[in-house]
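**Q** Using the sequences provided together with the hints, build the complete structure.
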Amino acid sequence: MTQVTMTVNGKSVSGKVEGRTLLAEFLREGLRLTGTHVGCDTSQCGACVVHVNGKAIKSCTALVADLDGADVRTIEGMANPDGSLSSLQQAFQDHHGLQCGFCTPGMVMSAAALLKENPKPTEHEVRGYLEGNICRCTGYHNIVKAIMAASGQDVSQIAAE
Amino acid sequence: MPKDHGIGASSKRREDIRFLTGRGAYTDDLAMQGQVHAVMVRANVAHGRIVSIDTSAAAAMPGVLAIFTGADFADVGGNPAGWLIHSRDGSPMREPKRPVLAHGKVRHVGDAYAAVVAETHEQARDAAEAVAAGTEIEELPAIVDMAGAVANADNRVHDEIPDNLCFDWGWIEANRDAVDAAMKAAPHVTTLELVNNRLVPNAMEPRASIGEFNPGTGDYKLTTTSQNPHLTKLLVCAFVLGIPEHKLTVVAPDVGGGFGSKIYHYGEEALVLAAAKKLGRPVRWTAERSESFLTDAHGRDHVTTIEVGATLDGEILAIRTNTLANVGAYLSNFSTATPTFLHGTLMAGPYKVPHVYVNLKAVFTNTAPVDAYRGAGRPEATYSLERAIDKMARELKLDPVAVRRKNLLTPDQFPYTTPVGLVYDVGNYQATLDKALDMADLAGFEARAAKSRAAGKLRGVGLSTWIEACGIAPSHLVGQLGSRVGLYDAATVRVSATGTIQVMTGAHSHGQGHETVFAQVVAEKLSIPEGAVEIVHGDTSKIPFGMGSYGSRSLAVCGSAMDRALDKIIAKGKKIAAHMLEAAEGDITFENGSFSVAGTDKAKSFGEIAFSAYVPHNYPLETLEPGLEETAFYDPNNFTYPAGAYLCEVEIDPDTGKVTICSFTCADDFGNVMNPMVVEGQVHGGVAQGIGQALVEHTAYDENGQLLTASYMDYTMPRADDVPFYQVDHSCATPCTHNPLGVKGCGEAGAIGSPPAVVNAVIDALHRAGMTHVTHIDMPLTPARVWGAMQA
Numbered sequence: 001m002t003q004v005t006m007t008v009n010g011k012s013v014s015g016k017v018e019g020r021t022l023l024a025e026f027l028r029e030g031l032r033l034t035g036t037h038v039g040c041d042t043s044q045c046g047a048c049v050v051h052v053n054g055k056a057i058k059s060c061t062a063l064v065a066d067l068d069g070a071d072v073r074t075i076e077g078m079a080n081p082d083g084s085l086s087s088l089q090q091a092f093q094d095h096h097g098l099q100c101g102f103c104t105p106g107m108v109m110s111a112a113a114l115l116k117e118n119p120k121p122t123e124h125e126v127r128g129y130l131e132g133n134i135c136r137c138t139g140y141h142n143i144v145k146a147i148m149a150a151s152g153q154d155v156s157q158i159a160a161e
Numbered sequence: 001m002p003k004d005h006g007i008g009a010s011s012k013r014r015e016d017i018r019f020l021t022g023r024g025a026y027t028d029d030l031a032m033q034g035q036v037h038a039v040m041v042r043a044n045v046a047h048g049r050i051v052s053i054d055t056s057a058a059a060a061m062p063g064v065l066a067i068f069t070g071a072d073f074a075d076v077g078g079n080p081a082g083w084l085i086h087s088r089d090g091s092p093m094r095e096p097k098r099p100v101l102a103h104g105k106v107r108h109v110g111d112a113y114a115a116v117v118a119e120t121h122e123q124a125r126d127a128a129e130a131v132a133a134g135t136e137i138e139e140l141p142a143i144v145d146m147a148g149a150v151a152n153a154d155n156r157v158h159d160e161i162p163d164n165l166c167f168d169w170g171w172i173e174a175n176r177d178a179v180d181a182a183m184k185a186a187p188h189v190t191t192l193e194l195v196n197n198r199l200v201p202n203a204m205e206p207r208a209s210i211g212e213f214n215p216g217t218g219d220y221k222l223t224t225t226s227q228n229p230h231l232t233k234l235l236v237c238a239f240v241l242g243i244p245e246h247k248l249t250v251v252a253p254d255v256g257g258g259f260g261s262k263i264y265h266y267g268e269e270a271l272v273l274a275a276a277k278k279l280g281r282p283v284r285w286t287a288e289r290s291e292s293f294l295t296d297a298h299g300r301d302h303v304t305t306i307e308v309g310a311t312l313d314g315e316i317l318a319i320r321t322n323t324l325a326n327v328g329a330y331l332s333n334f335s336t337a338t339p340t341f342l343h344g345t346l347m348a349g350p351y352k353v354p355h356v357y358v359n360l361k362a363v364f365t366n367t368a369p370v371d372a373y374r375g376a377g378r379p380e381a382t383y384s385l386e387r388a389i390d391k392m393a394r395e396l397k398l399d400p401v402a403v404r405r406k407n408l409l410t411p412d413q414f415p416y417t418t419p420v421g422l423v424y425d426v427g428n429y430q431a432t433l434d435k436a437l438d439m440a441d442l443a444g445f446e447a448r449a450a451k452s453r454a455a456g457k458l459r460g461v462g463l464s465t466w467i468e469a470c471g472i473a474p475s476h477l478v479g480q481l482g483s484r485v486g487l488y489d490a491a492t493v494r495v496s497a498t499g500t501i502q503v504m505t506g507a508h509s510h511g512q513g514h515e516t517v518f519a520q521v522v523a524e525k526l527s528i529p530e531g532a533v534e535i536v537h538g539d540t541s542k543i544p545f546g547m548g549s550y551g552s553r554s555l556a557v558c559g560s561a562m563d564r565a566l567d568k569i570i571a572k573g574k575k576i577a578a579h580m581l582e583a584a585e586g587d588i589t590f591e592n593g594s595f596s597v598a599g600t601d602k603a604k605s606f607g608e609i610a611f612s613a614y615v616p617h618n619y620p621l622e623t624l625e626p627g628l629e630e631t632a633f634y635d636p637n638n639f640t641y642p643a644g645a646y647l648c649e650v651e652i653d654p655d656t657g658k659v660t661i662c663s664f665t666c667a668d669d670f671g672n673v674m675n676p677m678v679v680e681g682q683v684h685g686g687v688a689q690g691i692g693q694a695l696v697e698h699t700a701y702d703e704n705g706q707l708l709t710a711s712y713m714d715y716t717m718p719r720a721d722d723v724p725f726y727q728v729d730h731s732c733a734t735p736c737t738h739n740p741l742g743v744k745g746c747g748e749a750g751a752i753g754s755p756p757a758v759v760n761a762v763i764d765a766l767h768r769a770g771m772t773h774v775t776h777i778d779m780p781l782t783p784a785r786v787w788g789a790m791q792a
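Protein sequence lines correspond, in order, to chains U and H. The opening residue of the first sequence carries number 1 in the working numbering; numbering runs sequentially from there. The opening residue of the second sequence carries number 1 in the working numbering; numbering runs sequentially from there.
Source of the hints: derived by calculation from the structure; they are not laboratory data. Glycine included, every Cβ here is placed at the ideal spot set by N, Cα and C. Hints are all accurate, no fakes.
Over the 10 Å line for every Cβ pair with chain H, so calculated as not near, a few chain U residues:
| # | residue |
| --- | --- |
| 1 | Ser12 |
| 2 | Gly15 |
| 3 | Val52 |
| 4 | Lys55 |
| 5 | Ile57 |
| 6 | Leu63 |
| 7 | Asp66 |
| 8 | Asp68 |
| 9 | Ala113 |
| 10 | Pro119 |
| 11 | Gly152 |
| 12 | Gln153 |
| 13 | Ser156 |
With a cut-off of at most 30 Å between alpha-carbon atoms, the simulated DSS-like pairs for lysine-lysine come out as follows:
| # | chain 1 | residue 1 | chain 2 | residue 2 |
| --- | --- | --- | --- | --- |
| 14 | H | Lys451 | H | Lys397 |
| 15 | H | Lys12 | U | Lys116 |
| 16 | U | Lys16 | U | Lys55 |
| 17 | H | Lys575 | H | Lys602 |
| 18 | H | Lys451 | U | Lys120 |
| 19 | H | Lys12 | U | Lys120 |
| 20 | U | Lys55 | U | Lys116 |
**A** Take a look at the structure:
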């Protein structure tokens, strides 16, 4: 067992973990932060995306023992300090960028990372960036639209909501 | 101005708040006090006889609490098929028992023959490996190919079923001779052999179940990923475990997509309940993605020959199909209805066709069970028909658009009785076709094609005009057709003393947005704020007995029940108002949220009536019960018939065969639309699944029955860069004539109409480039398949 201390959504947390404990497991079962989902176990679907030290990673294949001292942000830490939706989250609601909601935490975390790197992405860039996030419900239309809208672009000319 | 409230408004979804902030509560998110973990032990061969299972080593491992094998469930019931189909000769279908755990034989890779329960998931996993190591299975030749399965009577998936045939169905058998004669007499016959590729539904949330048992009361609780908790409850209680129905609560909390795969009862649900009873502790199981691939019910998997008899100017005279449909190793709950009554009855499409006959043989193989997946039978019918009509048009050198226009039913022909047993109530297929052609700017196609050519690409355009039967389903009709359940739905409207409302629905929302949309309907009807209405679903201890959500039925059936229950609320409110206003009940009207005496200014608000119902001081207690709560069950008297026209434009890279979707246009008739934003989202998602089927998704078993596509590294899911922005429209609405909201259902349309549009577009592109020898390519149209076809 390894003692690990990290910051999760601004709060310091620590715990003893096995060498094989995955970050997704630690967040979900250890900290009860169940917004981070596991959809595939093989780093393909992206439902488990969180930010570690400011970068989007797939928490289903990251070992907690490697993350001592890391700064972790999950979907539970994405709202505004007063609890209201952030502009990115609000854009997902405004443009119907989610249906069943299971992939949504990963989508939001990936989108946030994209907008940090590229504040005004084109449609092509958004679609390319989401290569590692699978959604089965929305056909991606409204996810792409929401992310472009969150970046301040006018999406009113894109086909109907 | 678009509405901002009630029916027809694009109200933002209230459920989004919890999903966007990580506060959803999916089954695997729930932790139970004292919970333990189950792991299934699954066959790694497709077909084998279980010689022995030695669990002693596993039982001695740390944390192991219990081990179950098929023998533990040999004396309980099996998971039944929900429809009884009869073969052409009148004999009933063959129905092998589907046990909780395989016993005697394993019949597909992933078939669970044992389960381990341990204190931790890791301990259960380690012990499951030890059970597998202690098991001897004599491998038998796998039966994978359907034609081979039927031809070889000696190698049997189920020892008692010769030739591996479940049934040989004819629809409608009495029409067969007339169809044969019409086909023989037809001036032109187009024949097309095609494969409707097997798909894995792939809801993003893997299946999961938690069983609980209270020894003090004898009560069971199952929390599970279900689209229809009451149906699961009925199956577990009455068919599998024999639990009295009132002693089991089934809860389907937030469910992360279903697409059909979570309609069905699965063995793991019975296992966790039995284990919870044995151990007196909550037992949980969550599928890994590879388990989902191996054991979720798959979709499609038809091999069809379709013939279309026509005049030389393209008038369809007769349609005849012969299909082998894979049902896999066991009959999943709707598996026998999907290829028959959800498929054969749609084979006339939106066309006026005098003669149609469908023959379908359902075949057992050593593969995962196959059942309804988004569209369920109707995509298979639509694909056969729309591909064959396109081929016929090409053979006759006719315009595919003109051929469809020539054969489409016209608005004056409704109600229309098809030769395959349905009565279409209403529609305007020309309107959706015109709309789609206009939106897609078909007139400008040649210019776009020239631009593509200049860039070295081949451009094509493909059309599909489709119809489906939704709002499943009229019980009297499906009962005649073999259904073993009724397909009504139910809603309870509970008005509180302060005038707010809870509606308990039999329908279940797993992405469709019921919590928002159903509240819009209530708000409209009662003229109250949407925020005063809460929709409760998914918990059998709270909701009335309804049949859940699938078959685009939620609003058409459960929404109708809710509408009826609201009518009862208003009717009772009128009685209360009449008493309070000292007027005759017949003089009370309800408008704009207010009960008033006609022709006067005397009125009581909805809130005042609700308060009076619960504080009945001035109330007709001698003739009227206090309280304001009503339940209605609604059984539709017909299916609903959404229809539309889809147009797809593609570009092919001739060097690689890669197909790119340039545009996709949908003109749909869903009848009245409650929330346009949600409806359009449903179409987007369906179309993406259809594009996925047409271009990238494929389920591959090798000759030994090993699933080669059992992860996202092998099974291609459509991703954001595989699809365009879609153009969707639902303005050509002809409201359903037989349900109170005039709604038809929109959940499956996209997946039904889109695959043939994509394939037709690819064939069109190749023909325009002179490759007229390519008359068909089977889905998925991968670069290798397209490039290969181009070289032939």
